[in-house]
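Going down the list, the sequences are from chains A and B.
Counting in this note's numbering, the first sequence runs from 1 upward without gaps.
Counting in this note's numbering, the second sequence runs from 1 upward without gaps.
Since the hints were made in silico from the structure, they are not lab data.
Since the model is a prediction, treat every value here as computed from it, not as a measurement.
Check each hint, because a few of them may be wrong.
Derived pair list, reagent style DSS-like, types lysine-lysine, alpha-carbon separation capped at 27 angstroms [claimed, not checked]:
| hint | chain 1 | residue 1 | chain 2 | residue 2 |
| --- | --- | --- | --- | --- |
| 1 | A | Lys277 | A | Lys13 |
| 2 | A | Lys64 | A | Lys150 |
| 3 | A | Lys8 | B | Lys397 |
| 4 | A | Lys150 | B | Lys398 |
Examples of chain A residues toward chain B, derived with CB under 10 angstroms [stated by the list, open to error]:
| hint | residue |
| --- | --- |
| 5 | Glu95 |
| 6 | Val354 |
| 7 | Val380 |
| 8 | Pro420 |
Where is the CB? At the ideal position from N, CA and C, for every residue including glycine.
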Amino acid sequence: MADFKIKKGFDIKVLGKPKPEIEEYASQQLFTVYPSEFDGLKSRLKVAEGDRVKRGDILFVNKKNEKMVFRSPCGGTVTAINLGPRRVPVHVQIEQSAQEESVTFGTYTKDSVKSLSREQLVDHLLNTGMWPLIKQRPFSKIADPAAAPKAVFVNAAKSAPFQADFSLILKGDENAFETGLNALAKLTEGKVHLCKSAKSAIPEFGCATSHIFSGPHPAGNTSVHINRISPIRPADTVYTIAAQDVILIGKLLLTGELPRTKVIALGGPAVKEECRKHYRVRLGSNLKPLFEKTLEVGKELRIVSGNILCGDIVKADSGVRFYGSEFFVLEEDRSRHLMGWTMPGLFQYSSHRVNLSSLMGLTHEWKLGTSLHGSHRAMVVTGWMDRYQPLNIMTDYLIRAALAHDTGEMVQLGILETDPEDFALAAFVDPHKTDVCKIIKQGLQEIEEEGL
Amino acid sequence: MKFLFDFLDKNIAPLFEKGGKFERLYPLYEAGDTFARTPADVTPSAPHVRDSIDQKRLMVFVVYALLPCLFFGIWNAGHLFNISNHVEGASFMTDIIRGSAMVLPIVLVSYLVGGIWEVLFAIVRRHEINEGFLVTGMLFPLVLPPTLPLWQVAVGISFGIIIGKEIFGGVGYNILNPALTARAFLFFAYPAQISGDKVWVGTAHTAFDSGFFGKVAENIDGVTAATPLAVAAAAEKGTDAIHALGEAGYTLWNMTVGTIPGCIGSTSVIAIMLGMVFLLITGIASWRVMLSGVIGMAATGYLFNALPLESAYSQLPFYYHLVMGGFAFGIVFMATDPVSCAATNAGKWIYGFMIGALTVLIRIANPAYPEGTMLAILFMNVMAPLVDHFVVQSHIKKRTAYARALNNA
Numbered sequence: 001m002a003d004f005k006i007k008k009g010f011d012i013k014v015l016g017k018p019k020p021e022i023e024e025y026a027s028q029q030l031f032t033v034y035p036s037e038f039d040g041l042k043s044r045l046k047v048a049e050g051d052r053v054k055r056g057d058i059l060f061v062n063k064k065n066e067k068m069v070f071r072s073p074c075g076g077t078v079t080a081i082n083l084g085p086r087r088v089p090v091h092v093q094i095e096q097s098a099q100e101e102s103v104t105f106g107t108y109t110k111d112s113v114k115s116l117s118r119e120q121l122v123d124h125l126l127n128t129g130m131w132p133l134i135k136q137r138p139f140s141k142i143a144d145p146a147a148a149p150k151a152v153f154v155n156a157a158k159s160a161p162f163q164a165d166f167s168l169i170l171k172g173d174e175n176a177f178e179t180g181l182n183a184l185a186k187l188t189e190g191k192v193h194l195c196k197s198a199k200s201a202i203p204e205f206g207c208a209t210s211h212i213f214s215g216p217h218p219a220g221n222t223s224v225h226i227n228r229i230s231p232i233r234p235a236d237t238v239y240t241i242a243a244q245d246v247i248l249i250g251k252l253l254l255t256g257e258l259p260r261t262k263v264i265a266l267g268g269p270a271v272k273e274e275c276r277k278h279y280r281v282r283l284g285s286n287l288k289p290l291f292e293k294t295l296e297v298g299k300e301l302r303i304v305s306g307n308i309l310c311g312d313i314v315k316a317d318s319g320v321r322f323y324g325s326e327f328f329v330l331e332e333d334r335s336r337h338l339m340g341w342t343m344p345g346l347f348q349y350s351s352h353r354v355n356l357s358s359l360m361g362l363t364h365e366w367k368l369g370t371s372l373h374g375s376h377r378a379m380v381v382t383g384w385m386d387r388y389q390p391l392n393i394m395t396d397y398l399i400r401a402a403l404a405h406d407t408g409e410m411v412q413l414g415i416l417e418t419d420p421e422d423f424a425l426a427a428f429v430d431p432h433k434t435d436v437c438k439i440i441k442q443g444l445q446e447i448e449e450e451g452l
Numbered sequence: 001m002k003f004l005f006d007f008l009d010k011n012i013a014p015l016f017e018k019g020g021k022f023e024r025l026y027p028l029y030e031a032g033d034t035f036a037r038t039p040a041d042v043t044p045s046a047p048h049v050r051d052s053i054d055q056k057r058l059m060v061f062v063v064y065a066l067l068p069c070l071f072f073g074i075w076n077a078g079h080l081f082n083i084s085n086h087v088e089g090a091s092f093m094t095d096i097i098r099g100s101a102m103v104l105p106i107v108l109v110s111y112l113v114g115g116i117w118e119v120l121f122a123i124v125r126r127h128e129i130n131e132g133f134l135v136t137g138m139l140f141p142l143v144l145p146p147t148l149p150l151w152q153v154a155v156g157i158s159f160g161i162i163i164g165k166e167i168f169g170g171v172g173y174n175i176l177n178p179a180l181t182a183r184a185f186l187f188f189a190y191p192a193q194i195s196g197d198k199v200w201v202g203t204a205h206t207a208f209d210s211g212f213f214g215k216v217a218e219n220i221d222g223v224t225a226a227t228p229l230a231v232a233a234a235a236e237k238g239t240d241a242i243h244a245l246g247e248a249g250y251t252l253w254n255m256t257v258g259t260i261p262g263c264i265g266s267t268s269v270i271a272i273m274l275g276m277v278f279l280l281i282t283g284i285a286s287w288r289v290m291l292s293g294v295i296g297m298a299a300t301g302y303l304f305n306a307l308p309l310e311s312a313y314s315q316l317p318f319y320y321h322l323v324m325g326g327f328a329f330g331i332v333f334m335a336t337d338p339v340s341c342a343a344t345n346a347g348k349w350i351y352g353f354m355i356g357a358l359t360v361l362i363r364i365a366n367p368a369y370p371e372g373t374m375l376a377i378l379f380m381n382v383m384a385p386l387v388d389h390f391v392v393q394s395h396i397k398k399r400t401a402y403a404r405a406l407n408n409a
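With the rest of the complex left out, here is chain B (with noise of 0.2 angstroms):
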């Protein structure tokens, strides 16, 4: 190991530093480089020590997180396509490879078309790649159906990177939540594919049909269900909306483990659940997002409860939107994004809340949409600034007010 990296920053490195062959790919190089083990960099001047931890670190942990969500959603495709196709022979082990056929890669080329983006940008702005995107092309896949073509994975990740991140700066200047904002531009450019009200159940990718897989007996070619918060919505008045889903197969139960049809990682609350912990074992995401958000849904959940309004979708308890749709993913993953968030922790109670009440309410009240998490977040992500600056004008009140007590006592 020590010949390697002797050999490395002997021969390969100056090619890429100051005045060598490759000095514009340095970004890459240093990217590679300090991949393989930390920067040798001491600190500049006070505080002389430093904190191991660094960036990278932070984002590779994320990244963690989201593993449960990635290997439940990969054996819930495959799972269901089996399933739906009447696969014959199906086990555990086939459900494995064929999901792992669908969501990998749409998860590869999230990587590969994201990472060339950072790459490129990393290079002509001559700063150092930024670990941000492996946690965006992670998330992005995971709130995708795993029957996306990948051409609209590819064409959503760059307008995600792009338009959501670079044209502001890179990470940490950008307003929206990259991941998301490539999300919401699927679902405005490509409706038929990724909107919210269907959902694919199974397609028999023609490839795989091979015996290796298990038997495909029915080819059944893009048949779609009503998502859980279509048939809510679609509850007619009088009736009962937990009934509803029970007869479209949606139980709270189902709905918690994540064994129905949906976007690749948000399906499962529990893996989710796992990943939650983790992030808040570590202290990387703010619990105060994660907890308002969840009082935020209750509140408006209950407050629906009470209005006196005819619409059994009204009447569903707040529980059932915990676990419907992408809102415990959203909460947990995308509401919690540093960069995107409020700052400030007054702040972070307001936005969280509002994130989960918001989606109640886009959820119950807006017939055109079924899903809210998306638009409640992104709107969130907007107002975040604005949040913050009520509360920091109310912190620099109460900084004179407190100066002005002690002084005159």
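Just chain A, with the same shape it has in the complex (with noise of 0.2 angstroms):
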């Protein structure tokens, strides 16, 4: 149990932030999984099109790894799979049957988890599906089952505007979250470090230890946590998990079923004011009626899948993904303005003191759009980019390195302590609009493919 104050940090005052309350989403017919979804993987497709599938039949498996098998969130008949380029699997289309079937596994409870084996454990996880909820530093990617990890870290401080509320999550979900918990401690020699936000309360759990992290975002991004608490050396592998995924681990184990729902928040400042809050969604069903409902209309909208600040932009027809609990709607900004390299800077938002809006930031909530506020340019040091990094980074010198694929300089300089989400502050404030998430992300793909 510790307390940690991270002081640098930025909190992004962005319009939009969804209410502490829970409204059921009417089920829907159409489901979607995206192997395409999950970095890296090399799937195996197990179905056809027009083959009928059980609630939790697999759908696709590993390749490298054919135990790692993905199952199917409904039951049904696949309407569609979308193959892209090298006939990779893009998504797969299932329609809900009436009768729908479900797959059953084994069933444990809080305590009799206990008494599982690590091997058990994995190959559970593994055949249920479920396993590639966690993640893995560094690298995160799916974890590696063979991985001894020195420990498990699970998040539920996030940070990044916006995020699902956990401490409304967890009312009523408790005891999953403790048999998930349980679980996680099966899988470390080490500790289940639990990180919570100073500003959610969050009971006590006997397996795992607590944490509390305070301050401006990043304070609630997993590396921090690491970084704070047990850093990660080059030959070192911690686990990692979302701990709102943590509950739906825990209701596999209880109930035996693949569990059917996960609650999503919808935010941004393109979504209707009354509609900004938490849905409980069937995993992996197709939220476009949702959209249609809760959006603005008549606007060129983006529809971000996770926070605004690492999420991916996904279709309006999009289905609940296997990863991430939020959805985050802004305007495509186009919109140009007449000299701005001179205007005071009143209505655009700015963190820096070259805008006289850096000074309305602390109170105003921004109606942010996706502008870029200016064209690409060769990277000048300002600086700036540490300014918001609590990890011990030089942000500079590690793209640099990433630019110029030096493998080794990289990782002294620290990249498999990172993830790219923790540089989104860096590409927030960077004036030269450097795509800085992306080379670390190539950087760290380069890595582990050359091996360390």
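From these two lone chains plus the hints, build me the complex, please.
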């Protein structure tokens, strides 16, 4: 138990925070699963168009480790399989049938989980398709079941705008959460670290060590938690998981069935004000009707799955993703402003004192759009990229090393401790509009391919 | 306004875009277009929102910070000309007009010639025009004497832009400060005009000798006097350098206000400080470099004061060094150039300190060049990557030690 106060950071004041209330979202007939969602996964399909599947049947497997399976969130008929370049499966669409059948697995209780061996538990999670919820550092990929992680980090403190309110989600599911934590504790010789935000009230759980992180974003980033509690050295592995997903694992273990629902938060300036809240949705269910009901009309919008700083752009008929519990919607802002280089900068959001708006940033909530506010330029080292970086990282040098494909230097400068999301604020403040997150992501990929 | 922009987007823009008639000139169109209004680009990927700052704004704000120096320089040039030529009926207005006639052509040539190179390289290399030249084009004239022939201005800025910047790949890739590179080139190539030990007092521009600007009573051509740096350096052993400066007409006060002959923008410490305050409030320039520069100068100044040297110059208090010559201008505007200065915070402290220290060292200990600022900054520009290298190495060591300590705990 420790208290960590993060000083360096910046909260982007954006309009549209989801209210802490949950609406039940009526289940849809159409479900979508995205093999493309899993970075670096080579998937092999086990179903074809027209096949009938039960809820919990295998849809596709990991080519490199066929024990890692991905199961259907609903029972029905496979209606469409969309293949991308080189016939890589992009998404699998399933239409729910009236009589939905479910596959069942073994059931456990909060305490019986503790008597499982690590091997049994890993096999069970792999076999039920829930293992991929657990990720690992370095490389932020699906956890390697064979690794011996020195710790497991559960993130219940996420701070990027916006996050589903975990204390709200936890209500009523405490037992499932604790069961999930017990299971995670079996995966490591070390500790399970439960990282909480100072703002939310989450009880203590015996099998996990609690830590409290306070301060501006990125106080809630997993990399910051790891850095403060048990920093990664080049040979280390740690498992990481979002707190919401621990509930899903717990439910699976308790009920013996795949969990049906999860809670997502819908926010952002382009969501109608009364609709900015949490929704309980079926896993994988199509969100088109929800978006049609809740988004502002007549504008070109961007729907982001995840938060505004590191989410992915998705289409308006997207389904609930495997990862992430948030959708953020904002306007595609292609507006052009007269002589932006000299105007006082009152109406354009900025963290820099070069714009007067930085003074208003303390209280005002901004209706931000996707404008780049400038054009790409060669990087000039201003030191601003590190201004909001609580990790001890020299961002400019790390980017240089990544651009130069110098894997040795990248590792020395600490890239293995990070995830692209840790550089979102650096990219936000950069006047040269460098694609920092993308560069770091490519750097990590390169190291992974070449080996340490 | 909207009508005009719609017209541009529909009829003019396609000419410059891919497949258009003037496709190769796209950088020129893009520069004009984004100068008039911010670009319409949206974020390609996460993060989906971005700060509204961009390089244009950044660079233009540095130019704003230079304006007090420019305005003072214009007045000062005209004022000194009118005084030294005993112009009858000289007033504030005629000072300004005369000064403008002397200074503005230099600024124009600098921007014009520098701009042509910038555009040329952008077109050949097919990249967008970088706003960095807006700053270079203004910095360079401000460190020139107002009597410099315009052809030398053109040659100097060409050298600075091409050799100082573009051969490395443009702004962001250069090692040296381009404006200072340009000045150093003139300094060594044409020492007669810009040596640092002699300074212009006033030359009669025949074109302006009409009564309109006030009548020139005595037409003196090419009169020069010794600069404060040269006076102090020449002060005899055992005498007081402050006294020698006073006799030559230089006091702490007039060197601070800047009503002395010298380079256009660098004589007035007050004007420089106005710019400095602006840069610090907007957070553009590094306060670390400025502060450590002054500390380095003070430390070395005191060191020389304490040494048992006979030279009168070595006994000069450091604050005289601060206001003499180009140090104040150099440390505020030249040394803080984010591209050529040290990149790490610890590196900035070392870099600034060394500039201050080297400036005093060159001034006092080196008999060849009276002014040390330019050489000190250029030298430290070259050394900055080395300084950063050591800072980064120590950073890596600390990172490893931190991880080891926490994991063993």
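Against the structure, the hints come out as follows:
1. Lys277/A x Lys13/A: Distance ~18 angstroms between Lys277/A and Lys13/A Cα, so the pair holds.
2. Lys64/A x Lys150/A: holds, 24 angstroms
3. Lys8/A x Lys397/B: Measuring from Cα to Cα gives roughly 22 angstroms; hence the hint holds.
4. Lys150/A x Lys398/B: Distance of about 22 angstroms is within 27 angstroms: holds.
5. Glu95: violated, 32 angstroms
6. Val354: holds, 5 angstroms
7. Val380: holds, 5 angstroms
8. Pro420: It holds, given that the least Cβ distance between Pro420/A and chain B is near 8 angstroms, below 10 angstroms.
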